[in-house]
Amino acid sequence: MLEQTVTIVANERDTDQYFRLVLRAPQIAPLIQPGQFAHVRITPLKDALLRRPFSIFQAGDDTFSILYKNVGKGTDVLSRMAAGEELSVIAPLGHGFTVPTAGGETPFLIAGGYGMAAMFLLAQRSPQKGIVFVGGRRRVDILCEKEFAAIGWEVRATTEDGSHGEKGLVTHPLLAELKRSAGPVKLFACGPTPMLKAIGKIAADFNVPAELSMDEHMCCGVGTCLACVIPVRAGDAWEYQRTCTEGPVFDARQILWELPK
Amino acid sequence: MNLSVKLGQLVMQNPVTVASGTFGYGAEYARLIDLNQLGAVTVKGIRLNPVPGNPTPRTAEVTSGMLNAIGLQGPGVDGFIKKYWPFLSTLKVPTIINIWGTTVEEYAEVARRFDALGGVGALELNVSCPNIKEGGAQFGTDPKLLAQVVAACRQATTLPLITKMSPNVPNIAPLAKAAEDAGSDALAVTNSFPAMAIDIETRRPKLANITGGLTGPAIKPIAIKLVWEASKAVKIPIIGMGGIQTAADAIEFLMAGATAVAVGTANFYEPQTTLQVIAGLRDFMARKNIADVRELTGSFQPGK
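So the sequence lines, in the order shown, correspond to chains A and B. According to the working numbering, the residues represented by the first sequence are 1 to 261, in order. According to the working numbering, the residues represented by the second sequence are 1 to 304, in order.
Do not take every clue at face value.
To be verified - In silico lysine to aspartate or glutamate, EDC-like type, Cα no more than 20 Å apart, as pairs: (1) LYS82/B - ASP161/A; (2) LYS73/A - GLU229/B; (3) LYS73/A - ASP14/A; (4) LYS177/B - ASP115/B; (5) LYS206/B - ASP47/A; (6) LYS83/B - GLU239/A; (7) LYS206/B - ASP14/A.
Stated by the list, open to error - Here are a few chain B residues that face chain A, going by a calculated C-beta distance under 10 Å: (8) MET1; (9) GLY216; (10) GLN245.
Hints were generated in silico from the structure; no laboratory data involved. Yeah, the Cβ is synthetic: ideal placement off N, Cα and C, and Gly gets one too.
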């Protein structure tokens, strides 16, 4: 984990409100593991002080990239920044996905919206190819299919309005594939919390392991403030753990979806 | 050039520490800054037993600040000593441990336990957290209760005691005086300000706790005034805090009457802030020909 001022190499619109940001960060890039994130201080934001966490999409020798959606004050200002401008970054952060091993379980990756970006490095670094299931509301919410196809992964897209791929939720083709598949599989997921909760339930129903990248309101990103906690099992009891430090990726069996009374 | 200051028996190599709750237990930021450059490390509040903390969301960003309602999640005294003290005890700079309880007896017991631990720099009595149901702020707003807490801790330990004052009082002077008279070696002024924010799309509070504490640059001018008022009421030194982002902010607190300062919320977005403040303070002193940082304390000129 390093804190550095990095230069924007590119910051271009992908589809609709999605942007691809490439940063020159030769010291950070080689350290990045799949599922980790970067905590970004958008320097021109003067009265919105906090850093914004972004999943890391791709990592090269001296650059890494982020695929983000313009959803608010921070990302709006970020989307107007140009190549050559600087950002302050703390990265790589968090506990990421377990990279599958050759000959082990077949990885099934499940992504909702820009959660797709967080799955790319995992697919790229996995010696074993699997299937990536991606869901979104509309066609424009289905991102980086090309990149997955280019590394030989099968992509199953679903949209809620049927404008691309199968019409419906991402869980439908996943369920069909789980019913069909004979060998051992493991699920890896990143997306909206209701989707993750559904994946957690499916993993339990089919008795397959699952790693979920959890999203909770983050503040410091490095484990000091205790803002981004989720309740997880700890022996017979439970405890709050930090999505920035113990997470964002958790074993689905450890996650408590409701706060114990 | 002298930057060192004394708060009771606590010696700091420079007047810059961190605000409790914004720096974890030290180790988290040790990967990003050299903690031995600080005046002291102040850790998150500890009570006797572990505390789960509040439901989420626990923080919300607001203009020039943030709200938090963490609820003093913590490992308890034993958990802290086991998990975090081995690292903190290797530091060359003192550790200030922020402590709290729900009764006077609990404060005293926690103080006794840390007294027995050995090697602690000072204890900061948290009588001003706005985010817990019992304990915390109730002790910080009633001079009689405050005096009881401070006196009980004074009995329990010879460690320097810093009383962290609530901003949520009509007049800070009688409370500051009560803490001083009961044996506090220093005051920390101030804590977060009770506040709230609403998501207008959902009509829901932005914090699960509904209300929280406002911190960051938004509170700085209010905190400056509280430091000034407290400093006029007592002779003991004050650690000033509230929205410090730069050396200029820190110097303002010193001039208002603080002997030391704490960087709080800024740690969350710029972990280098403390080091930048120390460097900037040196530059200011060099530029103004100030040989001793203590000359700055209370040096502002209220008259014409």
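Against the structure, the hints:
Between LYS82/B and ASP161/A, the direct Cα distance comes to roughly 54 Å. Violation of the 20 Å bound is thereby established for this hinted pair. With a CA separation close to 37 Å, the supplied pair LYS73/A and GLU229/B exceeds the 20 Å bound. At most 20 Å may separate the alpha-carbon atoms for a hinted pair to count; LYS73/A and ASP14/A meet this at roughly 19 Å. Restraint check: the Cα-Cα separation between LYS177/B and ASP115/B comes to about 25 Å, which exceeds 20 Å; the hinted pair is violated.
Restraint check: the Cα-Cα separation between LYS206/B and ASP47/A comes to about 18 Å, which is no more than 20 Å; the hinted pair holds. Our distance criterion of 20 Å between C-alpha atoms is met by LYS83/B and GLU239/A, whose separation comes to about 16 Å. For the given pair, LYS206/B sits about 31 Å from ASP14/A by alpha-carbon distance, which is inconsistent with the 20 Å threshold. Nearest Cβ of chain A to the Cβ of MET1/B: about 28 Å, over the 10 Å cut. The hint is violated.
Because the closest C-beta pair between GLY216/B and chain A is about 6 Å apart, less than 10 Å, the hint holds. Against a cut-off of 10 Å between C-beta atoms, the interface hint on GLN245/B holds, since the closest Cβ of chain A lies about 9 Å away.
Consistency note: the structure conflicts with the earlier hints numbered 1, 2, 4, 7 and 8.
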